[in-house]
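S.K.: One letter stands for each residue in the lines below.
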Amino acid sequence: MKATNKIIIQLLFSVVVLLSASSLLNAQGKYIDKKGKITFEASEELFEPVKATNESVTVILNTETNEIASLALMKSFRFKNSLMEEHFNENYIESETYPKATFKGNLLDVDFSKITETNTEVIVDGKIELRGKEKEIRTTLNIKKSGDSIVIQGSFNVTPADFDIEIPSIVKNKIAKEINVSLDFKLNQK
Amino acid sequence: MKRKKVLVLSAILVAIIVGGVVYNYVFNSKHRDIANEEATVTLSAKQLYSDFENDESQATTKYLDKVIEIQGKITAVEDTGLVLSDQIQVGFDANQMPKLVDGKSITVKGRCVGYDELLEMVKIDQATVINK
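In order, the protein sequences belong to chains A and B. So the first sequence is numbered by the working numbering: it starts at 1 and just counts up by one. So the second sequence is numbered by the working numbering: it starts at 1 and just counts up by one.
Keep in mind that a hint or two might mislead.
Said to hold, decoys possible - For the chain B half of the interface with chain A, some residues (derived, Cβ under 10 Å), not all of them:
1) S57
2) T60
3) E78
4) R111
5) L118
Stated by the list, open to error - 30 Å max Cα-Cα, derived DSSO-like pairs, lysine-lysine:
6) A:K145 / A:K35
7) B:K30 / A:K80
8) B:K46 / A:K37
9) A:K104 / B:K66
10) A:K145 / A:K37
11) B:K66 / A:K80
12) A:K127 / A:K37
No wet-lab data here; the hints were simulated from the structure. Beta carbons: idealized from backbone N, C-alpha and C, even for Gly.
With the hints as constraints, model all of the structure from the sequences given.
M.R.: Here is the structure:
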């Protein structure tokens with residue numbers, strides 16, 4: 001009698017453990033943002049701002065593995081000046097041939113159960129692919145919670161040469177050598 | 001003498017106007033007005049998706065930056081967009097989001113911006129709903 005009781009208790013215990021483990025798996029997991037925002041700026045003083053924003057960037061984050069992936073369609077970058085937008089697409093990015101930019105990477109040393117409503121600095125390490133070229137990126141991001149969402153913000157610099165983009169000499173002094181890319185994502189559980 | 005003066009003055013005036021027009025054209029030219037452009041092709045959401053699925057680069061050449069009309073069933077309504085047939089992500093410009101309900105079949109017109117392999121969807125922006 002005592003032995004069977006013990007077995008039943010053990011069984012119950014393992015069922016409880018299994019249930020809580022699976023609910024943990026469900027509670028965590030995939031976060032997604034379909035309306036992520038990426039802005040890049042390569043403005044030089046005294047000249048017209050060279051700046052564009054994409055407000056429909058896709059971001060997927062796995063809070064169990066800390067993997068993060070992002071995709072921006074080049075045609076979704078909107079400039080204030082329509083002619084600049086045309087040049088960006090046709091002469092520099094060649095968006096008909098290379099319609100998107102992707103990022104795949106990992107967030108280093110982050111425990112999502114410890115992320116609060118105030119910013120935590122997290123290093124991200126990964127690769128950007130654009131115009132058929134890959135570029136390693138390592139930068140610090142600010143991560144915080146906002147209600148049930150995870151907010152990720154940050155910025156980094158790249159150069160046109162990183163992606164084999166040639167800037168013609170006539171516009172060289174109007175476009176900054178370093179391009180600042182800033183990102184603003186708000187991810188919700190899938 | 002007077003005639004010459006008038007000629008010179010009017011030449012200067014013309015030069016200023018031409019310069020102004022060129023400057024305006026180069027630096028302030030308007031963005032495309034997708035809502036008032038004629039669609040180049042009308043097709044179903046499923047057809048558009050399968051074209052990208054079969055050959056992405058060919059479909060990109062065919063549809064990228066083109067204004068197209070797409071028929072499909074609404075499978076999700078979001079803040080500033082909707083999903084057609086689980087395959088097409090349609091985005092509306094700020095304050096252009098119409099009131100729509102899940103499950104309704106509609107036709108939208110918009111600009112194709114390419115295929116998003118993370119979402120596994122074809123993306124359309126600057127959309128408007130077509131009433132037929």
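S.K.: Now tell me, hint by hint, if it's right for this structure.
M.R.: Hints and how they fare:
Hint status for S57 of chain B relative to chain A: holds, with the closest Cβ pair at about 8 Å, below 10 Å. The closest approach between the C-beta of T60 of chain B and any C-beta of chain A is roughly 5 Å, which is under the 10 Å cut-off, so the hint is satisfied. For the restraint placing E78 of chain B at the interface with chain A, the shortest Cβ-Cβ distance is roughly 7 Å, inside the 10 Å limit, so the hint holds. A distance limit of 10 Å between C-beta atoms decides the matter here; for R111 of chain B the minimum to chain A is near 8 Å, and the interface restraint holds.
Residue-level restraint check for L118 of chain B holds (minimum Cβ-Cβ distance to chain A is 5 Å; threshold 10 Å). Restraint check: the Cα-Cα separation between K145 of chain A and K35 of chain A comes to about 17 Å, which is no more than 30 Å; the hinted pair holds. Taking the CA atoms of K30 of chain B and K80 of chain A, the gap is about 9 Å. The hint holds against a cut of 30 Å. With a C-alpha separation of about 28 Å, the suggested pair K46 of chain B and K37 of chain A falls inside the 30 Å cut-off, and the hint holds.
A distance of roughly 29 Å separates the Cα atoms of K104 of chain A and K66 of chain B; the hinted pair therefore holds under the 30 Å criterion. With a CA separation close to 17 Å, the supplied pair K145 of chain A and K37 of chain A stays within the 30 Å bound. Taking the CA atoms of K66 of chain B and K80 of chain A, the gap is about 20 Å. The hint holds against a cut of 30 Å. For the suggested pair K127 of chain A and K37 of chain A, the alpha carbons sit about 18 Å apart, so the restraint of at most 30 Å is met.
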